[in-house]
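Protein chains in written order, with our numbering: chain B, 637 to 792; chain C, 90 to 567; chain S, 219 to 377.
Just so you know, the hints here were simulated from the structure itself, not pulled from any lab data.
Here the structure is a predicted model, which means the values were calculated and not measured.
Glycine residues also receive a C-beta, built at the ideal position from the N, C-alpha and C atoms.
Nothing false has been slipped in among the hints.
The following residues of chain S were derived to be distant from chain B, with all beta-carbon distances above 12 Å: (1) D221; (2) R222; (3) E235; (4) D245; (5) H248; (6) G265; (7) H295; (8) T311.
Interface residues of chain C toward chain B, partial, derived using beta-carbon atoms under 10 Å: (9) P190; (10) L220; (11) G223; (12) K226; (13) L231; (14) T238; (15) T293; (16) M304; (17) I305; (18) L315; (19) E319; (20) N327; (21) L562; (22) G563.
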Amino acid sequence: MAHQSGPSGFLLTTLNSAVNWTRTRSMWAATFGLACCAIEMMATGAAHNDLARFGMEVFRASPRQADLMIVAGRVSQKMAPVLRQVYDQMSEPKWVISMGACASTGGMFNNYALVQGVDEVVPVDIYVPGCPPGPQSLMNGILMLQDKVMSGEIVR
Amino acid sequence: MSDTPNVVTGDSEAPSTAKPDEVGASASTGAEERRKLHDLWVAGTEEPVWLRSYTDEPSQELLDAGDDPALQLSRGTVVDDDFFFDDAADPDELQILNMGPQHPSTHGVLRLQLELDGETILRAKPIIGYLHTGMEKTAETLTYMQGATNVTRMDYLSPLHMELSFSLAVESLLDAEIPERGQAIRVLMTELNRVASHLVWAATQGTDLGAVSMMIYGFRDREYILQFFEKTTGLRMNHNYIRPGGVAADLPDGWEEDVELIIEKVSQGVAEYEELFNGNPIFRDRTMGVGVITPEECRALGVTGPIARAAGIKWDLRKAFPYSGIDKYNFEIPVGKHGDVWDRYLVRIEEIRQSLGIVKQVLETMPAGDYRTLDRKITPPPRKRIDESMEALIHHFKLFTSGYKVPPGETYVAVESPRGELGMYIVSDGREKPWRMHARTPSFNHVQALPTMMTDSLVADIVATIASTDPVLGDVDR
Amino acid sequence: MSDRVFAPLSKRFPDVEFEQVLASQQDVAHVSLEQYVDFVSAARDHGFNVFSDLCGVDYLRRKPRFEIVVNLLSHEHVRRLRIRVGVPAADPTVASITSVFPGANFYEREAFDLFGIVFTDHPDLTRLVLPDDWEGYPLRKDYSVGSVPVRFKGSPKTT
Numbered sequence: 637m638a639h640q641s642g643p644s645g646f647l648l649t650t651l652n653s654a655v656n657w658t659r660t661r662s663m664w665a666a667t668f669g670l671a672c673c674a675i676e677m678m679a680t681g682a683a684h685n686d687l688a689r690f691g692m693e694v695f696r697a698s699p700r701q702a703d704l705m706i707v708a709g710r711v712s713q714k715m716a717p718v719l720r721q722v723y724d725q726m727s728e729p730k731w732v733i734s735m736g737a738c739a740s741t742g743g744m745f746n747n748y749a750l751v752q753g754v755d756e757v758v759p760v761d762i763y764v765p766g767c768p769p770g771p772q773s774l775m776n777g778i779l780m781l782q783d784k785v786m787s788g789e790i791v792r
Numbered sequence: 090m091s092d093t094p095n096v097v098t099g100d101s102e103a104p105s106t107a108k109p110d111e112v113g114a115s116a117s118t119g120a121e122e123r124r125k126l127h128d129l130w131v132a133g134t135e136e137p138v139w140l141r142s143y144t145d146e147p148s149q150e151l152l153d154a155g156d157d158p159a160l161q162l163s164r165g166t167v168v169d170d171d172f173f174f175d176d177a178a179d180p181d182e183l184q185i186l187n188m189g190p191q192h193p194s195t196h197g198v199l200r201l202q203l204e205l206d207g208e209t210i211l212r213a214k215p216i217i218g219y220l221h222t223g224m225e226k227t228a229e230t231l232t233y234m235q236g237a238t239n240v241t242r243m244d245y246l247s248p249l250h251m252e253l254s255f256s257l258a259v260e261s262l263l264d265a266e267i268p269e270r271g272q273a274i275r276v277l278m279t280e281l282n283r284v285a286s287h288l289v290w291a292a293t294q295g296t297d298l299g300a301v302s303m304m305i306y307g308f309r310d311r312e313y314i315l316q317f318f319e320k321t322t323g324l325r326m327n328h329n330y331i332r333p334g335g336v337a338a339d340l341p342d343g344w345e346e347d348v349e350l351i352i353e354k355v356s357q358g359v360a361e362y363e364e365l366f367n368g369n370p371i372f373r374d375r376t377m378g379v380g381v382i383t384p385e386e387c388r389a390l391g392v393t394g395p396i397a398r399a400a401g402i403k404w405d406l407r408k409a410f411p412y413s414g415i416d417k418y419n420f421e422i423p424v425g426k427h428g429d430v431w432d433r434y435l436v437r438i439e440e441i442r443q444s445l446g447i448v449k450q451v452l453e454t455m456p457a458g459d460y461r462t463l464d465r466k467i468t469p470p471p472r473k474r475i476d477e478s479m480e481a482l483i484h485h486f487k488l489f490t491s492g493y494k495v496p497p498g499e500t501y502v503a504v505e506s507p508r509g510e511l512g513m514y515i516v517s518d519g520r521e522k523p524w525r526m527h528a529r530t531p532s533f534n535h536v537q538a539l540p541t542m543m544t545d546s547l548v549a550d551i552v553a554t555i556a557s558t559d560p561v562l563g564d565v566d567r
Numbered sequence: 219m220s221d222r223v224f225a226p227l228s229k230r231f232p233d234v235e236f237e238q239v240l241a242s243q244q245d246v247a248h249v250s251l252e253q254y255v256d257f258v259s260a261a262r263d264h265g266f267n268v269f270s271d272l273c274g275v276d277y278l279r280r281k282p283r284f285e286i287v288v289n290l291l292s293h294e295h296v297r298r299l300r301i302r303v304g305v306p307a308a309d310p311t312v313a314s315i316t317s318v319f320p321g322a323n324f325y326e327r328e329a330f331d332l333f334g335i336v337f338t339d340h341p342d343l344t345r346l347v348l349p350d351d352w353e354g355y356p357l358r359k360d361y362s363v364g365s366v367p368v369r370f371k372g373s374p375k376t377t
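Make the full structure from the sequences, and use the hints.
This is how it looks when you write it as structure tokens:
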């Protein structure tokens, strides 16, 4: 996570806050559901735990139109280059949430087939633990990311 | 009938010249013609019909086209299945299209390479392995009690079925008997899981075909089931609840009300979906006659479950090789006729209803008793007893650290998962961890069967076909 | 074998050993490499026409080292048949049954991918679940699981 210095001066900081506010209020996620966590991600977007109240019910298939990538599920060795390619196609500002134990650390599958943690491939902003994390945990992670973007902790 | 043997069509009057094991050939006729022909030739039988032409009346041959199939084709005297006809398409006009692995409609990380001639699919090649987790290798490092945590993540939409198949395989090696209540709980949980899995299928099938609100409805009704699972097993998904020896914990108090609510809400939901889809002309047009697979292809490819039943094969492992006391309950097996997406839709909707019927019967007849076998060598003692009894402490310690030994041997046990035959092949060498564990997962065969269902159809039908196959990529790649 | 269902098969293949294992009486046939495809084909003709499963097993210290296990199902007899073929380690080659059961295609590719067992006459014997440039055969017993040491924050090794 690069720590660049943000804009200074009264007018620019207000503008910066406003921009950060708009970025958090309609963060569109790229569909990167891989395994079990993807089902929980879909359940988070569904009726009972509604992501639409955060402006996030839209999951864009094209990475060019998304600014958040929720890596939901285990990333195998064959999938890692694809993951990197999709991440590279997203335009700035972009954030990554690593959802679930397998994406964060390789989970219970400490073996030859999985990348032990998605942060070996892409820079991650928020790690959401769980196997799979329930919709409430994922929403907690998303809100935490929104707080960090709002407060300027993550500067893009 | 002309004297010159028609090279392409063969003898169109006798279906017995057709070759039953030739996989991949299907008449690329319109839906209506195919339906008529099916009703004419296939209804009530399972004979293969490899029709190469529309009609059984002799083709009008004003000029002798001879044996040249190209001339016959260009004159329109014969309609051929262009799967076998190589020079129908100019190689320059063929287009290779890559679908996936990151794609909203492939139900996971499935990659399809399609060779297209315009909008027609000539060949399709599924490329898998993007979710390979090495679960079979991991299983060799986990004890039998931990094994359920591993297998449950293979087919993550029906984890309880995976656990059940693993537990049944281990129990067949141990020759252990599960008490009746344990078996009834297993039936209850797996049938609810079947309903939940079919709801996800309905959600994704509807969304992929354009009925986007179906995603919300399917997951809405699934929430009731998942909340019950969370109450009983501790987790919404990947429960590790059904273990060798029984189940991990007894049903919570008040489970009867929860299950009644589930039955009521899901039945209402299913009635809504039928109202939305059954009369919908767009849905019908997009699903009837699409993605057809014949019973012979199903057998040759090992396709089981709702796909095979929709094709006309009346086979369900719950009826053929009953397990876990499921033969005590009355239920029907819906069987389709044409093997297309529409029939699979009908079969699965009916299966939801039948599963709810089984759940209701379990609810009414749940026996009292133990939820797991009393053999202390396999199942851990209740936590309270650890304070009281030294033996209980030692058992607990041994079971959770090194695990129990399973006599050497090999076994294959299969259950009927929402996708088809889900089998577990375990080889034991007498120690606490399996020597080899192999899961026979239904989606592996179904993804392999996708080219059979998709060739000679249109690009627009791919999504409907894949959605109706209901593949779970965790199942495929393991 | 006195079993009516398998009688025609055991008559045609007299040196194939049929056995029934476990209390659940699962039928297993031990077949030699040379008879393998013929036996599978004959089984299909005698009612076992549903292809269920094909997997490889590595027995490491046993000769032959590898084994291919084929599971067939018969709808008419309502029976399963498990066919086991021993494959030697020195030359892990076995015939492919894709000509008998097209469904064995992916299964044989997976056995090739994870065990290194070569199937002759297979239409497309390439790696299936692992990347194409992967070296080694993970499910063999002499291939390690590949686990990485797990470190925790604050543990001395991380500082």
